[in-house]
Structure formats: structure tokens, C-alpha cells
Amino acid sequence: MVDKAEVEAFLFLEARLADENRYEEWGDLWTDDAIYWVPSNDYDYDPLHHVSIIYDDRNRIQDRIDRLKSGSAWAQQPQSRLCRVISNVEVEVKPDGDIEVRSKFTLGEIRRGRQATYFASQLHTLRQTNDGLRMASKKVMLINNDEPINNLSFLI
Amino acid sequence: MIPAQPIDVRSLLRLEEGLVHSDVYRSPEIFDLEMERIFHDNWVYVGHESEIPNRGDFALRTIGRQSVIMNRDHRGQVNLFMNRCRHRANSVCQYDSGNAANFFCNYHGWTYKNSGELIGVPYADAYGDDFDKKSLPLVKPRMEMYRGFIWGNLGKSEGSLMDHLGIAGKRGIDMFCDASPEGEVIVRQGSTKVKIYANWKFQGGDGYHPAFTHRANFMAIRHQRKSGGMKNDMAPGTMEEGYLSRDLGNGHSCLDTRSAGQSYGVRLPDAQWARDYRASMVKAYGQERAEYLLKTGGNPHILLSPNLQLLQPDIRVIRPISATEFDITFYCAFLKGVPDELNQARVRDTEDRMGPAGSINPDDVDMFERNQFGLQQTVNPWKFMGRGIEREHPDNDEGTIENYRLEGSIVGHYSDEVTQRGQLRWWADRLTQA
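First to last, the sequence lines map onto chains A and B. Quick note on the numbering used here: the first sequence kicks off at 811 and runs consecutively. Quick note on the numbering used here: the second sequence kicks off at 33 and runs consecutively.
Hints listed in this document are in silico derivations from the structure and should not be mistaken for laboratory results. Note that the Cβ used here is the ideal one computed from N, Cα and C, for glycine as well. There may be inaccurate statements among the hints.
What the hints assert, rightly or not - Mimicking DSS-like on lysine-lysine, the simulated pairs with C-alpha atoms at most 27 Å apart in a straight line are: (1) A/879 to B/227; (2) B/202 to B/166; (3) B/227 to A/914; (4) B/172 to B/188; (5) B/188 to B/145; (6) B/227 to B/368.
Claimed, not checked - Coverage of chain B stretches by chain A, computed from C-beta distances (three or more under 8 Å per stretch; other residues unrestricted): (7) 195 to 203; (8) 221 to 228; (9) 242 to 248; (10) 354 to 364; (11) 410 to 419.
Chain B with its partners taken away, still in its complex shape (with noise of 0.2 Å):
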């Protein structure tokens, strides 16, 4: 439904203030700009190449609320298409993945090759002696890979996938990748999927909600040191010990432990294999660099906009369904050329944290169904998002090594509502531009 009155979308944010109106999160108006203005003209991110190796693998995703097909075709080349038959619109991918020579319209039995092109229609003589299938390929949208990471466009906006990243977001992928001695991620491992019954904009990337939301996790602490599994030392120190938010532009985030030694990934033990990969991360990458590596654990807890997470060893993919209704995939990822240790520690530090069963994220679910509920009422719909307003400052990521400086950052405390406030002024920007 468009609106008879065009939606005042600047009058719904008065971040000076820190105040946001409920309705950019519940109205049904909204969401359909939001899917015209970001999903249906803009980078979203589609999946990652490792889970296509060989040819004919494909897989099927959703950009907005359209489907695509993910495959690598026969010679070898990845694509994007539109999960539509260009006779009569129907879908012509029913499997979430899969290996295909051809995709096959059941409809009125049109067959595509998986590089796209129209190689059967029945009975063609109907359609005279000018009938060209070669006009008719499956329709393929704009796509652009960055280190295995695909994403599609669906737009006609200008732009590159870089323009979208900026330097940031490139180097937020850089770090995640670079975990790898060899610099790949792989992204076959499963995923655990998640529904939300709240508005997708409820991202997380909040450094305010660990000790409050989580802390039944600080209560299982002693079991948890037993099992061996994630540390739970959630409440964050000061900004000069290097516990910050970042808000790195294009509504991209990151909450930043980097330069505090404080990763939430995978801890490595005094064990020969955890040798074994320091070893090979100092080959690979230098001395200087791979103690970086090390540190952080490669993981740069970065929000890309508007829906991928890398927060190591996550992948994490949002999908919007409706105002009040989205999902999540955690994907894991492996690290390619490291002890197969490591990358087993990678899958249970995943789905010990994620998915409907974890120890994290149920009570995030539940923090966003509260926030959805409290949306609704309309007496005061004003939110209050002015956390660290007046400390929150330009950036350039000095003190970190330059391969993985977040330059152009606006920076604040771990606990500030800087991330919040950067996606919504990227936001305002994709919802109001002419």
C-alpha cells in the first residue's frame, strides 16, 4: 500500500536529541520503503562462494522479497538469477540447494541451462520465425564478490560493492578471512535459523544489553569454565583501555574490543595444534600481523548493512519478512589450512552462543519481542537513544595496524548507542534520497 501522503521520514528522528519514533520500527508504510529503498535497490548480501564449489551447486536466497538462485554454472563462473521463468513468472528453483545442469519451469516446461540460457521451449513454433531464445535468459541482477562474499543489486542505483563496503567494511572482511593462514573462510557447515517475531532493525551490535540481558550466562560461569566454553566476562571497561562502538558509515557497525585483547571468539589452549596454527599464522603473515590476528581472534564484530554480521566464528544473515517479523541464519565458518581442532571448536563455540537453543541468543529474541510490544504504544512513541551523545567523536583507528584500520569511524564507548544511531542515519539517507 503507498500511502496517499508521502511518509515523512525525517520527522520520525530527532537523533540530536537521541529520540526515535516507534513508528520506524512498526510501520507497515516503512517497511515497504524500506524494501523499495534498500533491499530492492542496494548491495544486500547473498552468501558466500565456498558454499557453491563444484559445478551445478546452487543455492537458493532471498534479496527483499525476491528469490534468487546462487549457482556456479557449468564453466565454472558464479551467478545470480532471478528465480523467475521469463514466460509466465513462475519459479523455477523449488530446493534450498542443490546440484543442476538446467532449471526447469514445470509450468509449461521451459528448461534454462544453469548459465541462464533459454534452451528449451515446447511446441516453438507458435511463436513465428523472429523467435529468439536467446532473448530470453533467466534475468540476472547485478553482482559483485569480494573475498568469497557475494552480494546482489537489484538496482539500477550507481555504485560499486566497494562503495557500499567502504574501506571499513573491506576491512572488516579482511580480518574475518584473515583468521585463515591461507585467507579463505568456508561456509559449509550448517546454519541454525532463527524467527523473530520484531522489526529487523533490531540488529544487535548493542554493547549496553551483555550484562543485563546475558546474565544468566555469568551465573552458569562455573560450568561453563568446566565444558570449556565461551568466557563470560561481558561487562566492558573504558574507552581508553579500548572498549568502543563505531559507527563506520553506510549504517555499517562495529563494537570494537580489538586494541583491548577481548575477542568473543574461540580461546586457543596450551595445546600442539594451537602452536601448530600460531606457527602458520606467523608464516603467512608476518610476525606483526599475525599477533594481531591472534589476539582479536580475527574477529571484527562488524555490522555490515543491511544484513550480514561477521562476528567470528559467525556468519550471520538477517531477513526481513514484515514490520514486526524477521529472521536470522548463523552460518559457521571454517578456516581454510588450519588444524581441523580449531575449526570443531568454531562449531560448538556457534551453536553453544546461537540459534533457538543457545545460551545468547533466546534471551536477545526475547529482549526484541519486548521492544516490539513496547513499540505499540502510542501515549509517549518517542525512544530514547541518546546514550553517549556528547562523547561520541570523528576517528581514524591510529592505533590499530593498517591493514585492519577502521578509518572514518565515528567512535564512542562500547556501552554508547553510536551503532543505533549510524544505522539510522544511513537509513534516513536510503529513504529519502530523490
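Excised from the complex, chain A in its bound form (with noise of 0.2 Å):
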């Protein structure tokens, strides 16, 4: 059994981790076999055959990590200003041990004078490691994922 508890404290963990620009603490958290998907138009789709905003394995997860912290990716000179709320938490254990977890967020950004909120449903894959629990994927289905979207430079 999963105590509920536990796999909320990792959600508010990696939501405070990225409102906070910790790119390398962040980076931490995912699983060598990771898989980081923002789907671009729909929820759902094949995303072999579909552009996503974002379908990164650990090594484009890295290129990332990096480019942030280069000091030179300019859409994040200034940093944004971040601040998540995490709500409406289902936990639910898969036959292989794998924890599903779905839940939604409303994230405020303010970069250069100009505001920004951002809604989504997310959907975790949390496994249990000997550091903890680790992110094997993450989904982040954003409401307006149909819409132009300003610059999504900073970790969403």
C-alpha cells in the first residue's frame, strides 16, 4: 500500500522545486527511463506521429537542465516568477507496483511585468526507489495546449 500522504509530499516537492528554478534538484527526481510529455492540441494521442510541446526521454530532460542553467537562455533572463497549486490528488497502485497518480494545478508566472496563469490536469507515474519515490513519466495536459502560448520556458 501507498500512503497518500507520502505521494502528495513528493507532487508539492517537485511543484516547489520547479517554482523555485531549481533545475538540477528537479532533474533528481525522474527515473533513467523517464518520459516528460506535454501534449501539443489534445490529451491524447500517439506521440511518435504527433508533435508534443514537450516528449522528452532523460537525455532531452538533461539538454534542458542545461540550456537553464547555461546562463545564457535568454527567455529565462530574467527567471520567471512561479507559483503552483496542486489539488484534486487520485492515487491508484498498477498490478506492477507503478503509482498512477492524477491531479490538477493552477500556476501563476510573472516575467518582465507581464502575467501569466497556466491550468492543467497532470497525470505522475511515481515508483519507489532506494532514494525514494522517483518520476518514471509525468503528463502535463495543459487546458490551452490549443492556443498560442507565450513562452513555456521555465519547468511546467
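Reconstruct the complex from the two isolated chains, following the hints.
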């Protein structure tokens, strides 16, 4: 059995590290076989044959982190200030032991005088490891993923 | 708002000195004139035929400020319709895409077939005996198609799509499609859409910026290599080595690294599927032409005015919203008749670079928005776009095989502002013509 409070604590930690632009620590939360998916246009499709906003394996997650840490990713110079609220958490343990977590977030961003708000459902697959819970996959379903979106250059 | 005094567009450009006035990019009056003279009275790219493969398929698009329906009707014919009921002008289509036998106006129940004919008018007896539904179909603007690329023209000005594209524009499209051994692209792999708070004429096509704007990508090169992503050798070589920018006329332009053998698209690995693809290209086009297409990746890196860019594997479509806002939709084009591995690599390539969370596009967006911010300053409103003005010269691209020769260009170094000056010369002609 999984403790729902432990799962929620993990989601809140991930949200806080993302909000505070702590890229490397956020990167440490992924498993080596991780998939990080932010679909475009729709919530579900075959990502091998359809463009996504993000479809990263672990190497590409690291590319993303390295870019952001380089000091030359100008779309995050200055960085965004972020605040996300996670709610509606539902936990389901799969037969293989993976923990599937559905939740929702609202996210406020402010950068260079302009404020934006994002709303999304998210689906995490968490796995119990020697280091504690880790993300094997994360899928972020933005409700505006079929509308023109300004930069999502922070951690979404 | 039409200003009391006509705008003196010519006074905003001093291109022989390389000077461009800020108002070109920020004036609402100029934007209104652009809508009238460029987007509402000229050829504008709408969509690709492969987006609507089946009878009844439609996609809702925008030409300037006007909503148009692109569809394939019950007979299989491709149409463009103004999205407007002939009765009281309500929009008759509310969805971005779908399949519909009819377009139905929910206000008073007028109904149109997907081929445009008005077929239903409730209580039609009130209009008298001579009322003829046939006289009130959905309005069709001019439409022309080249290799599946559908363009619309809302105006009455003379000239065909080919007149607008010119030989170089046509050959850019040819090169893009000919990366497929069947000569066809398929555009239904979704898109990413980006909102930019800046002027729509900041379209890129700028060979000077990559090494600076995209500096973070050089820093991430180790992991890029490991994950098989794009190569980051963005610093250009010399003109002699084939690092060129081209003004193709009619506002079209090209960042040309074709003869340098430098393409920014998907690279072919040493794998069986890549060898199969090569063999199918040679079979389709013959040795010489296939080798050219493979060397260049079939990537024209071409910007077709006013709103289409073909940068393998992306099709990018520009939509102006106001003088200070536009959006870009990035589609990934699949190649017909190639191994699935190649098309999958094209999806990952588009998405790795473009869209709101790509590794390239967000830094471009930030530069465009910083540019717009700077343009608000009035103390000296002139920006300097004279780079390479001394060395630009006419060129017929004679080193390229004839099928893809960009004849009638003005050429300069890759980093020169040839492309921007070409865009602005055409822009001024459109805005000032009688």
C-alpha cells in the first residue's frame, strides 16, 4: 500500500523545485527511463507520430536543464517567478507496483511585468526506489494546449 | 481608424542608408494598411491539402482578420469559403477542424452544403416567389493550389499564385516536397502554436543572430549529441563556402546553405532504413538530383511572403493580430513513401527546436519582444539594417542544379540583412501602390 500523504508530499516537492527554478534538483526526481510529455493540440495521441510541446526522454530532460543553467537561455533571463497550486490528487497503484497519480494545478507566472495563468491536469507515474519516490513519467495536459502560448521556458 | 493624413510609407524607409523607422513595426495605422494591402488583397497561405484528406473534412483558418473555411466537399473538390452566413453574417463554422456534410447557421437555421450551396432557409415563403436560394451560396474567395499548398486571395488585384511565388518561390516548394521520393508531404501530425507580443514582420530569416541568440544551445551540445538531437554548428562560414542570404523578390527570402552542404534538418544515421531511403530517392529522381536533395536534406530554408516558411521539417505559418502581436503555428511535415523512422525523427526535430518549450524558439520570441520594447523609444527612431548593403548583388544561383535554382535573387553573406531589406522593399511597394 502507498501512503497518499507521501505521494502528495512528492508532488508538492516537485512543484516547489519547479517554482523555485531549482533545475538540477528537479532533474534528480526522474528515473533513467523517464518520459516527460506535454501534449499539443489534444490530450492523448501517439506521440511518435504527432508533435508535442514537450516529449523528452531522460537525455532531453538533461538538455533542457543544461540549457536553463547555461546563463544564456535568454527567455529565462530574467527568470520567471512562479507559483503553482496542486489539488484534486487521486492515487492508484498498478499491478506492477507503479503508482499512478492524477492531479490538477493552477500556475501563475510573472516575468518582466507580464502575468500569465495556466491550468492543467497532470498524470504522474511514480516508482518507489532506494532514494524514495521518483517520476517514471509525467504528462501535463494544459487546457490551452491548442491555443497560441507565449514562452513555456520555465519548468512546466 | 483611417488617419486624416495619408501615411507617407516611403518616408519610413531609407534603405539605401540601411535605415528603417520604428513606426514600420509599431504603428496601428500601418498595421491597418498591411491588412488592407497585403493580407486582404494578395495571396496568403491557408493550409495544405493533406490536412483535409477525406470528403467533408474541413479546417478553419484566418486570412488577415477574416475567417475562412478550407474543406473537401462531397465531390472531393477542395474549396475555400468565407465563414459567414449570407443572411446576417454570422459565422457558420465554430470548430478548428472536423468533418461536416453541411454548414449550419445556428442563428436562424440557414443551411449550406459542404460544397457551398444554400439548401435550407426556414419559412422561405416570406421572401416572395422570385427568391432563389442558388443566388446565395457561401462566398468563395480566389483560391489556388501548388503541390498541395493552398493559398487564398480575398482581393481583386491581378496576378496568379505563380506570379506571386515567382520561379524561386515555386522551386523552394519543389525542394521541400521532393525530399519525398513520391514528391508529396503530409501535414496532419499536429502543431505547436506560439504567441508573440511583437510585430509580425519579425519573421526570422536572419542569419546574423543564431550564434548569439541561441548561445545556450552551444552550451548544451554534449547532451544534444548524446541524445541524437540537432547539431549546433550555427556559426556561418564565408560566402565562397556557400553561406548566403537571398532576396527572392515579392518579399520572399532564403537563408541559403544548400551548396555548403549544411542543412538544419534531420541527419541520416548509418542505418538500414536510411540506406533504403537513399535508394528510393535515387530511383525516383536519378543520381544527380537525389544526391543534391540528400545533401541539402531537401531543406529550402525559405520564407514565402507574407506568412509561410518552409524550414525542413517545419511548415511555419504566421498570423498577425495587431501591430504588436502575432502568432506562429509550427507544423511538422511528413514525407510520403519514406521509412517511418525518418518521419519520427522529423517529429522529434520540430518539437526539440520549436514551439513554446523548444530549445530554439523561446529565445527568438524573447528577442522579438525585446525588439518591440526598444522600438517604443522615440529619441532616435531609426534602426540600422544596412549589414552587407555594399556586397549584395544580383545572382542567378548557377551553381545549383536547374530544378532548384533560385533565379533572379539578390545575394549576400548568410549574416547580411539582405532578407529583411527584401521584405521591406516589397512591403513598401504593396502599401504604396495605387
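Query - Hint numbers not upheld by this structure, sorted from lowest to highest - result: 2, 6, 7 and 11
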